[in-house]
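Trainee: Each of the two chains sits in its own frame; use the hints to bring them together as a complex.
Note that the protein sequences, when read in sequence, are chains A and B.
Going by my numbering, the first sequence runs without a break in its numbering and finishes at 220.
Going by my numbering, the second sequence runs without a break in its numbering and finishes at 675.
Some clues are possibly wrong.
[Said to hold, decoys possible] Rough simulated footprint, nothing fancy, chain A against chain B, three-plus residues with beta-carbon under 8 Å:
no., segment
1, 40 to 51
2, 276 to 290
3, 327 to 333
Honestly, the hints are just simulated from the structure, not real lab data.
No residue lacks a Cβ here, since even glycine has one placed at the ideal position from N, Cα and C.
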Amino acid sequence: MSAEQMRLRITFSKTAAMRYTGHLDLHRAWERAFRRSRLPLAYSQGFHPQPRLNLAAALPLGFTSDCELLDAWLETVQPVEQVLQALTLALPPGMVVRSLEQVDLRLPALQTQTQSAEYEVTLLDPLPGLAQRLEALLAQSTLPRHRRDRDYDLRPLIEEIVLLAEDGPGPHLRMRLSVREGATGRPEEVVDVLGASPTSARVRRTRIVLR
Amino acid sequence: MTLPVLSPSEIELRLERILPGVQKPGRYTGGELNQVVKDWQAIETHLALIFPDLYDIGMSNLGLAILYESLNQRPDALAERAYLPWTDMEAAMRQAGIPLYSLETHHSLADFDILGFTLPYETLYTNALNTLDLAGIPLFAEQRSNAHPLVIAGGHTTFNPEPMHAFMDAFVIGEGEEVIHEIVDAYQAWKRSQAERPALLRRLAQIPGVYVPSLYQPHYLESGQIARIQPLADAAPLPVRKRIVAKLPPPPTHFIVPYIDTVHNRVPVEITRGCTRGCRFCHAGMISRPVRERSVEQIVHAIEDSLEHTGFEEVGLLSLSSSDYTHILELVQAVSARFAGKHLGISLPSLRIDTFSVDLMDALRGARHGGFTLAPEAATERMRQIINKPVSTQALLETAAEVYRRGYTTLKLYFMIGHPSETLEDVQAIVDLCKAVLAEGRKVIGRRARLNAGVSTFIPKPHTPFQWVPCDTVEQITAKQTLLKHSLRDRDIKLSWTTPAETMLEAWLSRGDRRLSQVIYRAWQKGARFDAWQELFRYSAWLEAFAEAGLEPDFYTHRPRPLDEIFPWEHISSGVRKKYLLEEYRRSLAGETRPDCRESCFACGILPAFADLRRENPGEAWKCPEVKSPAPRSNDFSRYTVTGETQLDAQGSSK
Ligand code: SF4
Numbered sequence: 010m011s012a013e014q015m016r017l018r019i020t021f022s023k024t025a026a027m028r029y030t031g032h033l034d035l036h037r038a039w040e041r042a043f044r045r046s047r048l049p050l051a052y053s054q055g056f057h058p059q060p061r062l063n064l065a066a067a068l069p070l071g072f073t074s075d076c077e078l079l080d081a082w083l084e085t086v087q088p089v090e091q092v093l094q095a096l097t098l099a100l101p102p103g104m105v106v107r108s109l110e111q112v113d114l115r116l117p118a119l120q121t122q123t124q125s126a127e128y129e130v131t132l133l134d135p136l137p138g139l140a141q142r143l144e145a146l147l148a149q150s151t152l153p154r155h156r157r158d159r160d161y162d163l164r165p166l167i168e169e170i171v172l173l174a175e176d177g178p179g180p181h182l183r184m185r186l187s188v189r190e191g192a193t194g195r196p197e198e199v200v201d202v203l204g205a206s207p208t209s210a211r212v213r214r215t216r217i218v219l220r
Numbered sequence: 021m022t023l024p025v026l027s028p029s030e031i032e033l034r035l036e037r038i039l040p041g042v043q044k045p046g047r048y049t050g051g052e053l054n055q056v057v058k059d060w061q062a063i064e065t066h067l068a069l070i071f072p073d074l075y076d077i078g079m080s081n082l083g084l085a086i087l088y089e090s091l092n093q094r095p096d097a098l099a100e101r102a103y104l105p106w107t108d109m110e111a112a113m114r115q116a117g118i119p120l121y122s123l124e125t126h127h128s129l130a131d132f133d134i135l136g137f138t139l140p141y142e143t144l145y146t147n148a149l150n151t152l153d154l155a156g157i158p159l160f161a162e163q164r165s166n167a168h169p170l171v172i173a174g175g176h177t178t179f180n181p182e183p184m185h186a187f188m189d190a191f192v193i194g195e196g197e198e199v200i201h202e203i204v205d206a207y208q209a210w211k212r213s214q215a216e217r218p219a220l221l222r223r224l225a226q227i228p229g230v231y232v233p234s235l236y237q238p239h240y241l242e243s244g245q246i247a248r249i250q251p252l253a254d255a256a257p258l259p260v261r262k263r264i265v266a267k268l269p270p271p272p273t274h275f276i277v278p279y280i281d282t283v284h285n286r287v288p289v290e291i292t293r294g295c296t297r298g299c300r301f302c303h304a305g306m307i308s309r310p311v312r313e314r315s316v317e318q319i320v321h322a323i324e325d326s327l328e329h330t331g332f333e334e335v336g337l338l339s340l341s342s343s344d345y346t347h348i349l350e351l352v353q354a355v356s357a358r359f360a361g362k363h364l365g366i367s368l369p370s371l372r373i374d375t376f377s378v379d380l381m382d383a384l385r386g387a388r389h390g391g392f393t394l395a396p397e398a399a400t401e402r403m404r405q406i407i408n409k410p411v412s413t414q415a416l417l418e419t420a421a422e423v424y425r426r427g428y429t430t431l432k433l434y435f436m437i438g439h440p441s442e443t444l445e446d447v448q449a450i451v452d453l454c455k456a457v458l459a460e461g462r463k464v465i466g467r468r469a470r471l472n473a474g475v476s477t478f479i480p481k482p483h484t485p486f487q488w489v490p491c492d493t494v495e496q497i498t499a500k501q502t503l504l505k506h507s508l509r510d511r512d513i514k515l516s517w518t519t520p521a522e523t524m525l526e527a528w529l530s531r532g533d534r535r536l537s538q539v540i541y542r543a544w545q546k547g548a549r550f551d552a553w554q555e556l557f558r559y560s561a562w563l564e565a566f567a568e569a570g571l572e573p574d575f576y577t578h579r580p581r582p583l584d585e586i587f588p589w590e591h592i593s594s595g596v597r598k599k600y601l602l603e604e605y606r607r608s609l610a611g612e613t614r615p616d617c618r619e620s621c622f623a624c625g626i627l628p629a630f631a632d633l634r635r636e637n638p639g640e641a642w643k644c645p646e647v648k649s650p651a652p653r654s655n656d657f658s659r660y661t662v663t664g665e666t667q668l669d670a671q672g673s674s675k
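In isolation and in its complexed conformation, chain B is listed as follows (with noise of 0.2 Å):
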C-alpha cells in the first residue's frame, strides 16, 4: 500500500480521532516513564524496535529493552519502539491513513534509518509483514531502494533464518548487544559515503554475525532438498557465525513502566545466559551457549535500580535453568533479606526437579502467590533418556511431596508428546504420572490438591540433536491428545494443549527453506496476521499458501531427514559443531545419556568457536573450560574455523 508522508503532528491529530473508539488505547499512546525522546532533527541516526505483536506481550521482551537503553546512550543515535496495533486498531489507522508509527515521537516508520525486528519465535513472520504494509514499506528487500529504512531481524528464529530471507536485508544471528553498534558504525559509514544499497549490505556482511541473504544463493537437488549454499560475494562468509557477548554487561534498569497491564509486567534480570545441561529438544540450550553467569552482587544491584528507576512491585529472575546458577543459593539469600518487608514478588522460573528447588522457592518469601511449575517433559524414564533429561520418577514425586507440603496448592507439570521413538504407552505413562502426583497432593492437603499438565507438541529444531527427526503427523498427534484428553478427566486436573495446526505452522517455519518466503506472503495477503494468536490463526490460509506456491509442507515436516542431507540452515553456524548434534543424536537412539557438561567438557565446538574471547575472559565468566592454547597467528575472528577446532578438541576430550 502507499500511503502520504505524514508528518507526526498529522499522525497525532487522526490519532486523537481515532483512539477513543478503540480497545486499550494505551497501547498506541506511548508517553510512558522512562522512555527516551531525543531530538530527532539532532540525531544522525534513527532507529525503530519493533516487536511485531502487541504492546501487551511486545513490552515485556528483554533483549529489545536491552537495545533500546544501549542505543540511546549513543549520542549520534536514537532508539524508538514500535509494536503492531490489533485488528480493531489496524482498521482505524488503514482508514485514517495513519501508517504504522514509533510510540516515542510518533514519527512514521518510514522516516527511521534502521528497522530492528526481534523474531522470537516463529508465529511472528506474517505480522513482520504487516508491520512493514502498514509503514508503507515494500515487503520485498529486493524492491527496497535509499529511500527506505535498512531493514533487519535479530531473536531466536534467525538461526534457521531462510523463510524470511525475501523480507529482510540482514539478520543478525546470536547476541545483539554488540553487533547492533557495528550495525549502526557500518550504516553511518555508508551513509556519508554516498553509495547505493548494496554497498551498505556488503558492508554489512562483513559484520561477524550478521547474514545477508541476498549474497547467498542456494542450490536444490531435484528432490527439493539443498544441494549446495553459494556466497554470491568476496564479502559473504561461510558460515556465518553466530556473535556473543564474552561476558555478561551489567543488565538494563531503566525499565519503561506501562501505562496499561501487560504481560509479565516486572523488572526482567537475567541471571545467568546459556545452558549446558543438553536437553536434545531444546532450541534455546543449544543456540545459547556457552553458559555465563552474572555475580550476585551485580544482579542485587541491578534489582535496587531498576526498583528505584520503575516502582515495580516484581521481579523475574531470568535464565534457561536457574537451579544451575553456581551461586543461585546465595543468590536467594541475599535477596531475600534484602527486600524482605518492602512487598516485593520475586518469580524464580525453570527450577529443576529436585526439592532444593521448593528450599530455593521458599526462601523466596511472597514469591507463593501463583503456582510451583516443574517440567519432566517426557513421563517414563526411557524417554527421559533419550530427550536427554533424565529424572527419575521417585525425584519428581517427592519435589511433588514437598511442594504441596510447603503450602502450594496447585502445582504445574509441563511435558511434550511426540519426542523420537514416542508410543501411546508413553503418552499414557503421562496420565498415569499425573495422576500419581496429584495422589501425592491429595496425601498431603487432601481435596485442594490440584493440577495443571501442559502437554505441548515437540518440534524439531535446527540446530539441536533432533533435527534429523520427522514431526508426528496430524493425524499421531490427534490420536495422542484424544488419549490424553479421555483419561486425564479429573475435576482437580486442568490439561491444557497446543493444536495439531498451531504445531504444523511452528514446524514448517522453523524448519523451511527459502521457498517458504513465497507462502509466508501468500497466507498474509490471505489474511493471516497474529497467527500465535487462537482467535485469529487461519490454518486453511496457510494451506492454500503452501499449494499455490507449488510446495508440499508434508516435505518440511513428516520426512526423515538423511544423516547427510544439507539443511536450509547449514550456511548458520551456532557455534556447536553438527558431527556433536549427530553425536548427540545417536546417543539418543542408544537411549545414552550426556551428563551436564559443566563436569566435563564434552567438545560440542563451543570453544574452538569463541577461543579468542575465553583466552580473554580466563575465569569465572563462563562455565567452559579455559583455552590456554596461545593464540593463533591470524587473529582474524572470521576466518578462524577449521584449524582452531581440530586443536581444541584435543584439549577438551583430553580433559
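Just chain A, same shape as in the assembly (with noise of 0.2 Å):
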C-alpha cells in the first residue's frame, strides 16, 4: 500500500534570508519547491496526509549551511538527472542542491544517523587571547551549562575545536560537535564558553558526518 517508490538523499545548502528560517518552515519550504518541480512527492496515508520530506538535524536560526541533508520520497522512480534539474529550477532563494542521489529504501533515518557536525565559526568582534581561551576551555573535563531549563555538560559534546586564525575577517574556529538523539553540541554555546556574544558570531555549518 506504501506509494514511495524511489528515496533521494539531497545535501543542500541554506543562505542569505533562507538563514532565518526555522525547522517546520524549512520542511514546509521543500514541500512547495517539490511542488512547483511538479515531482511526484509521496504524501503519507490517512486523514492528515503530510509530505515525505525527512530533515537530518536542524540548523539553529541564523546559521548558514552548505551540507544540509533531506531524504525525499516519490511516487514514482524518475531520473536522478531530471530530478536535479527540476529541484534545481524550484528552489527559492538562499536554496541550492549541493548533490543528489537515489538510496535504499530501507535505510534507517536520518536522524538516527547522524553523529557530528563540523563548523566554521567567524567572530564579528575580535575577541583577545582566543587561542588561549580555546585551550583553557579544551583543557576543562566538564563544562557544566544550563539552557532552555535544562542543564547539561557540554564538554563531552565536543569532538574538536581548531583554531584557523586569532583575528582578521575570518573564519577563526573549526569545531566538531556531536549531533546524536538527545545530545547535540550547539556552536553558540561554545561561544560564549569562550567570552564572546553569541549574536556576533557568524556559523556555517560545513559537514554532518553519518554513521
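Mentor: Have a look at this one:
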C-alpha cells in the first residue's frame, strides 16, 4: 500500500535570507519546492497526509550551511538527472542542491544516522587571547551549562575545535560537535564559553557526519 | 526623530548585528521567492507598499499583493514592501539607528517617492504614525516638503478618512487597481514640472477617487457637530466618489512565498467583489457594491497559475458571500475535479446558512480539516429582521445538524451583541441558540460535538444604514458579556468575545472627525501602537489623549445622531445614496427586511453613480441591471452626479 518508489538523499546549502527559516518552515519550503517542480512527491496516508520529507539535523536560526541533508520520497522512479534539474529550477533563493542521489528505500531514518557536524565560526568582534581561551576551554573535563531549563555538560559534546586564525576577517574556528539524538552540541554555546557574544558570531555548518 | 541617511549596504551591515538577537528575524530580511527586485537607479518612480503591522499579518493582504504585481509590471516604476517591526526589533533598530527600510532592496522608506499605506482597519492608525517615525519622516502632512515622499493611504477605513487627515497627503477611496497608476502618472508629471508640493496635491485631487484632505475645511457648530465641509480649491471635488474597476482584472498569481509562517499562508483568489445581501450593519457590503464576478474559467486558471509559481498547499476562495456567486456549484465541481489527489486544501469562507453550503464544502474534499463556520449574527428572528439577515432559526438548526452529520466535530458560530434595540432577552437568545445547536450536534455525534461561539460587539459604521445609531456603552456591553459568560458554561462550548475597550477604540476611530488626529497623535506619543494586539493595547493612553485634546469620547459613540446630521464623512461617497441608507434605517426600525437586490434593483445609487461604466460593460460582469439610457452629453465622470441619479432612479424602481 505504500506509494513510495524512490528515495532521494539531497545535500543542499542554506544561505542568505533563508538562514532565518526555522526547521518546520524549512520543511514547508521543501514541500513547496517539490510542488513547484511537479515531481511526484509522496504523501503519507490517512486523514492529514504529510509530505514524505525528512531533514537530518535542525540547523539553529541564523546559521548558514553548505551541507544540509534531506531524504525525500517520490511516488514513481525518475531519472536522477531530471530530478536535479527540476529541483534546481524550483528552489527558492537561498537554497541550492549540492548533490543528489537515489538511496535504498530501507535505509534507517536520517536523524538516527547523524553522528556529528562541523562548523566554521567567524567572530564579528575581535576576541583578545582567543588561542589561550580555547586552550583553557579544551583543558576542562566538564563544562556545566544551563539551556532552556535544562542542565547539561557541553564538554563531552565537543569532539574537536581547531583555531584557524586569531583575528582578521575570519573564519576563526572550526569545530566538530556531536549531533546524536538527545546529545547535540551547539556552536553558540561554545562561543559563549569562550567569552564572545553568540549574536556576534557567524556560524556556517560545513559537514554532517553520518554513522 | 531625525535619522542619518543610511544607504542599503549600511543598513544591511547594522542589521547583521541585530537580527540574530530578535524574535523571528525572518520577518525582516526579504529575499523570498517571487519578490521583485528592480534596478533602483534605472527606475523613475519608487513606491513602498506598507501594511503597518507585522510581516506575519501583512503578507496575507490581497490588496497590496494586487498593487505590487501590477505596479512592478510598469517599466518606469518599482514597488517594494515594508511592514512594522515588533517591539523588540523596533527597540533594536532605534538603538542601532536603522530607519525602517523596504524588504526588497533595504532602502530607507525616506528614499522612496511614494509611500502607500493600506489601512483596512482602524487599529492600524497608531502603527502608521510609528512607521513614519521609524523612517524619520515628519508625521504631519503639513510639515513635509519636496524632500519627503508623498504619503497616501487606501483600504476600507478611508471611507471615513478624517481621523487620519493630518498625517496623509492623500487618500484613495475605493478600489486601487486603476487609480494607483494614475497617481504614479500624476507624480511623474509633477516631478518633471519641478513645481512645489501643493501643485502635486492639486493634480492628485483631480483624479477621481482621490481625496486630498488639505483642500477641504470642515466648519463646526457649537455642539461640535459639523456645519458644513468646504472645498478650498477649484480642484477639490465635492463629494469625492469612490473608484471601482468596471471588470475585475485577472487576479494576481505571482504571490511572494514567505520563508516563515504567516497568517493565511496560502493563495487567495477573489471570486467575487461586492455584496448585495444588504445586511444593515455591514460596512464592507455597503461600500463594495456593485457585485462583480469572475468566470469559473478565470478562477481555475488563476489557481493553476498561482500553484505553479508558489507551490502553496492551500487556496482560499474569497468573497463577501461565497454562496451568492452565480456559478458557485460549477466552480466547486471544477476545482475539486481539477485538483483532486493533489493534496490541496481549499477554503471557502462566508457561506450562507443552508444545507447547500454543507454540500459545497463536502464537494471540496480535503477542505474538511478545521471547522465549519456560520454567521447568524443575531439569535432571534426579530433581531435578524432588524439587521436584515433574515435566516430562520429552523434553517440554522437544520444546517448545524447537517454539518455535524457530515463529519465536522466543531461548528463555529459568529454573533454580534449591541445591535440596535437589542435587549438582554436577545442576548439570552444567543445562549439558548448555542445550546440548541450543540444539542443537534450531540444527537448526531454524541459527546464529540463542539461549538465555538464568537461574539463581537456591533459598531455602527459610516456609510451603513446604522450610521445614525449610538453604540452600546461599556456598561451595557459588560452586562451583556457577563450574561453570556455566566450562561454559556459548557465544557463543549468555547466562547470568545472582544473587550469593550477594543470596541470603543474602533468606534471612536471609525466614527471620528478631524479632531481625532490630535487624539491619535497624543495616544501614539504615549506609546499606543499595535492596538489590535491585546497584549500591547493601552486603553488608558487613549482616554488620556482624549482628555488632553479636550474631546469627549462619548460624543462620537453614544450620541444618537439626528437624521439631518452632517457626518464627518459626508463629503466621501460610496455611491450608495444617503437617502437609501436612511430608508433602510427606517425599514429596520419598522422590522422590515429588504431582499437581495439581484432579484430586483432597489436603486441604492450605485447604478447612477457608475452608469457610464455599466453602459460600457453590459451583461454578466455586474449583478446590477443594465443601463440602456443614452450617455449624457457631458461625459465628465467627476461631475456626473445629480441629474444622472434622478434619471436612473425612475428606471431602477420601475424594474
Ligand atoms: S444599483 Fe440596484 S442592483 Fe445595483 S447594488 Fe444598488 S440596489 Fe443592488
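Trainee: Cut-off 8 Å, C-beta pairs, minimum 3 residues; does the coverage of the segment 276 to 290 of chain B by chain A stand?
Mentor: holds (count 4)
Trainee: Against chain A, does the segment 327 to 333 of chain B show at least 3 residues with beta-carbon separation below 8 Å?
Mentor: holds (count 7)
Trainee: Given as covered by chain A, does the segment 40 to 51 of chain B meet the bar of three residues or more with CB within less than 8 Å?
Mentor: It holds, with 8 qualifying residues against the three required.
Comparing the model with each earlier hint shows no violations; every hint is respected.
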